[in-house]
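Protein chains in written order, with the UniProt record's numbering: chain A, 1 to 264; chain B, 1 to 242; chain C, 1 to 318.
I should point out that these hints are in silico values taken from the structure, not numbers from a laboratory. Model, not experiment: these values are computed from the prediction. Take these hints with a grain of salt, some might be off.
What the hints assert, rightly or not - Computed spacing ranges between beta-carbons, pair by pair:
#1 E280(C) to I79(A): 43 to 53 Å
#2 D273(C) to R186(A): 33 to 43 Å
#3 F207(B) to S101(A): 48 to 58 Å
#4 I204(B) to E102(C): 55 to 65 Å
#5 E102(C) to D191(B): 37 to 47 Å
#6 T136(C) to R9(A): 30 to 40 Å
#7 L35(C) to Q212(B): 27 to 37 Å
Using N, Cα and C, we set each Cβ at its ideal position, and we do this for glycine too.
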Amino acid sequence: MVGLSAGERQFIYGGIAQDLRSDGRQRLQFRPISVQTGVIPQANGSARATLGATDVIASIKAELGKPAPLRPDKGKVSIFIDCSPTAAPVFEVGAGIDLSSLIVVEGKVCWDLYIDGLVISSDGNLLDALAAAIKAALSNTGIPKVSVSVGASGEDQPEVDVSDEEFMQFDTSGVPVVVTLTKVGRHYIVDATLEEESQMSSAVSVSVNRHGRVCGLIKRGGTGLDPSVVLDMVSVAKHASETLIAVLDSEIASAEAIDDDDAI
Amino acid sequence: MEYVNPLTGFRLDGRRPNEMRQIRGEIGVVAKADGSALFEMGNTKVIAAVYGPREVQNKGQQMDGQALVRCEYSMANFSTGDRARKSKGDRRSTEISLVIRQTMEASILTHLMPRSQIDIFLQVLQADGGTRSACINAATLALADAGIPMRDLVTSCSAGYLCSTPLLDLNYVEDSAGGPDVTVGTLVKMDKVTLLQMDAKLPIEMFTDVLQLAIEGCKAIANYIQEVLLENTKKLECMRGS
Amino acid sequence: MMRELHVSLNQTQKVRLQAAFQHLSDIGSQASSGLLVSVSDTIPVNNEDGILKGHGTSERDGQVVATVCGVVERVNKLVYVRALRARYKPEVGDIIVGRVIEIAPKRWKLEINFSQDAVLMLQSMNLPDGIQRRRTAVDELNMRTIFEENDVICAEVRGFQHDGSLHLQARSQKYGKLERGQLLRVPAYLVKRRKQHFHDLEQYGVDLILGCNGFIWVGEHVVPADNEMVEDQESTLKDKEQSYTPLEIRQNICRIANSVRLISALGFAISVDAIIDTAEASKSSNVDIKDMLGAEFYVQTAEREVQKRISLLKKKRG
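The shape of chain A in the complex, shown without the other chains (with noise of 0.2 Å):
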C-alpha cells in the first residue's frame, strides 16, 4: 500500500486540478506503453506490455474441447489474471473475440482459449495494461489449422487431426482496449501511477474497440459519480482510446517485425 503525506497528497491533487500531473503529463495522457511478444514460446500466442514500470505478460493457450450445449456454434474463451507475489490483486476483464471462429466441428469440438495475465510488477492501471497485453498476445497467436477425418458422424466424438505447420491466424481488429479513468478530486485522468490510484475516489474502466464501440464497463470505488459524470467519462475513454489503439498497433506491428527476425 503506498502511504502518502498530506503534503503529498496535496501536489498530487493540485497536478491534476491544473492539468499537470507528476511526471509532466496531462490528465488524459498515458505513458509511454512498450509490448515485446512471442515471450512465451510454449504457448499459442504471448506478449508482455509495459506502462511505465507496470509489467504484465499474458499468455493464449488454445486446447481442444467440447462447445457448451447451448451454444453448439461457437468456441470458449475463458481469461485468469494472477498476480506474481510481488503486485496486488487484480480482477477479471472480458474480451472480444469472434467465437465462431475458434469451432471445428459444430457441436462436437471447438478451440478452448484460455488467456492468462500475469502482472510482473504493478505500478498502477493494471486493468489497461493487461488489456494492452492481451490484445498484443492474441495478434501474435497462431491456431494450428486442423483436419477433421470425414467418416466421423453421429453420437461419435469426430477424429480430430492437429497440423504442425500450418496456423490460421487470429482477426484481432475486434479486441478492445481498456481505458480507465480515475477520478481524483473534481477532475479524472487516465492511466494513473500507483500514487494517483492511492487518491482515486471512483474509477471507471471503458473497453472501446477500433469502431468505437464501448464493448464493456466497469466502475469501482466507494464513492458514487452522477450519471452524466459517468456518461461524460464513456464519451472521453472513447476519444482517448484512439490514440491508444494507434500507440498501441505501432507498437505490437514493430514488436511482430522484431520477433519475427528472431526467428529468422
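Given chain A's structure and the hints, the job is docking chains B and C onto it.
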C-alpha cells in the same frame, strides 16, 4: 522409449549425454525490486525478485542475530504444457519454496543484516524440467543484484540416469521418464554441496557418476553467472562515471 | 539497465544509444583503475601481512574474497568492496530523506531504504517552540502534531545505538517535514556524499534535497519558518485550491523531477549539476516535460553525457 540413441549417442533433443541446454541470465527485469533476474535453461524460464534486507513485517519473526530469509515459489498458469489451474500454496510449491530457501540461506551472510528480512519471490514462466535448478540460479543472480553479501555463488543443476547413461540437465520429457533425477546445488568455490535431492532408485556406483556430472553442470553455470555479474557490474560502474 | 523506464526505440535510436553506451564504457575503463569483482572472486593482496578485511570481503583458505559485486578499494591496509546496487549503507552525518512509518513511545520510526527502520527520538529534534528544555509527557502526547504517519521528513544520521538500531537527529532549522512536492526513489549508489545536499534552486523556485539514502525530494521552495507555530485552520476546498502550488513552479518541479528520473534510469551519477543541465537541455530543445521520459530525449541525454565525459577526460589530461 529410447532416450539416448544407441547408434549416435544423442538425446531426443539432439544433445550429448553430458551437454547442458542453452542457458541465459538477465539482470534487472522487475522494476520495483531491490534485485531481480531472469534465468533460462532451454525452455525453462523463471524470474526471481528480491526485496530487502528490509524491516521485518511480522515482528514475532524478527531475529536479533541474523536476517530472516523468506521464499515464495509460484508457477504461472501458462507455464506448463497442458494448462492446469493451480492453487497457490499447494504442497509442491511449499516444498520447493522451502528447499530453495534453505539452499539460499546457506550462502547469504545473514549475520551481517540482523533484525531484517529478505524476501525471494520466484515466478516460473515456462516449465520444461529443472525448474528448481533454474530458480536457484535466478535467485543467486537476483541476490547479487540486490547487493546482498554471500559466502559464495550457489548454483544448481540436475542430472539423471536413463538408458544406462548418466544425462546432464534433464528436460521435461526425460524427467517424466521415471528414471532417477538428481538435483544438486553447490557452493562452487567452496566445493560444498548444499542441496541434494533424488527420487527413484539408483545403484550407488551409478549415483557417484550422476552426482559428479551434476556438480560439473553447477560449475559451468557458476562460470556463466560470474560472467553475467561481472559484465553487469562493469556496466553499472561505467555508466555511473566518476 | 532500464528498470523503471521502458522506452521503445526505433532502429536509428537503438544504434545511437548502443554507440553512446559503448563510448561510455570505453571512457569508463580508461578513467577508472579500480578492480571490479563479483561475488566469490578472489581479491589479490600479494600475500601482504596485516591486511584488514572491510565491507564486502571475507576469507577463504587464507585468501581475501568478495561477498558482493563491486569495485575493490584500498585505504592503506584496509581492503573493501564498494558495492553498487544495494540498500543504503548509513554513515554518521549523512543527510537523508525518509518517510514516517510508525509512531512509538518517544520516537518516530522511518523508512529510509536501510535494512531496518531508522529511529528518530523525540529528544533528538528541536521542539516547535524552539526552547531547549526537557521533553514532558505533554510533548509526548503531541508528537503527532510534529510528524504523523506517512510524513516525508529530512534528517541527519546520528549513529548506531548499542542495540544495533540506527538513530537520526533533526536539530536544525533545515531539517523537518517536507511538503508541497514529490518524493523520488533512486538507487542509493547513484547519490554521492557531498558537502551540500540541500539545494535552493532560486531560478526555479524549487527546493531539491538529494538524500544519501537515494530518496530525493523535489518541492516548492519554502522560507524557513521563524519558530512560529502555524495556526491550525479548518480549510475549505476553495482555500485548498488557492493554496495549490503555482503552475509555473509546478512545471519546474516536474521538469526537475523528470531529470532525476531520466538520469537514474540511465544509471548516471545524480548531482545537482547533472540535474540542472538535463532540465536546461530539455528546455532549450523545446522538449515537453512528459517527453523527457520518451525515447528521443533518452538517447540525446546519453549522447550529451558522452560529450561531457570526453571533455572532462581531455581537461584531466591536458
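Self-check item: 43 to 53 Å as the expected CB spacing between I79(A) and E280(C), which holds or is violated
Solution: Once the Cβ atoms are compared, 48 Å apart, the range 43 to 53 Å for I79(A) and E280(C) holds.
Quiz item: Measuring from beta carbon to beta carbon, are T136(C) and R9(A) in 30 to 40 Å?
Solution: 32 Å, holds
Quiz item: Does the Cβ pair D273(C), R186(A) satisfy 33 to 43 Å?
Solution: 40 Å, holds
Exercise. For the range 37 to 47 Å, tell me whether the beta carbons of E102(C) and D191(B) fit it or not.
Key: Distance hint for E102(C), D191(B) holds at roughly 45 Å.
Quiz item: Does the hinted range 55 to 65 Å hold for I204(B) and E102(C) at CB?
Solution: 57 Å, holds
Exercise. Go ahead and decide if the range 27 to 37 Å is satisfied by the Cβ distance of L35(C) to Q212(B).
Key: 34 Å, holds
Quiz item: Can the suggested window of 48 to 58 Å be confirmed for the beta-carbon pair F207(B) and S101(A)?
Solution: 53 Å, holds
Hint check: no violations occur; every hint is consistent with the structure.
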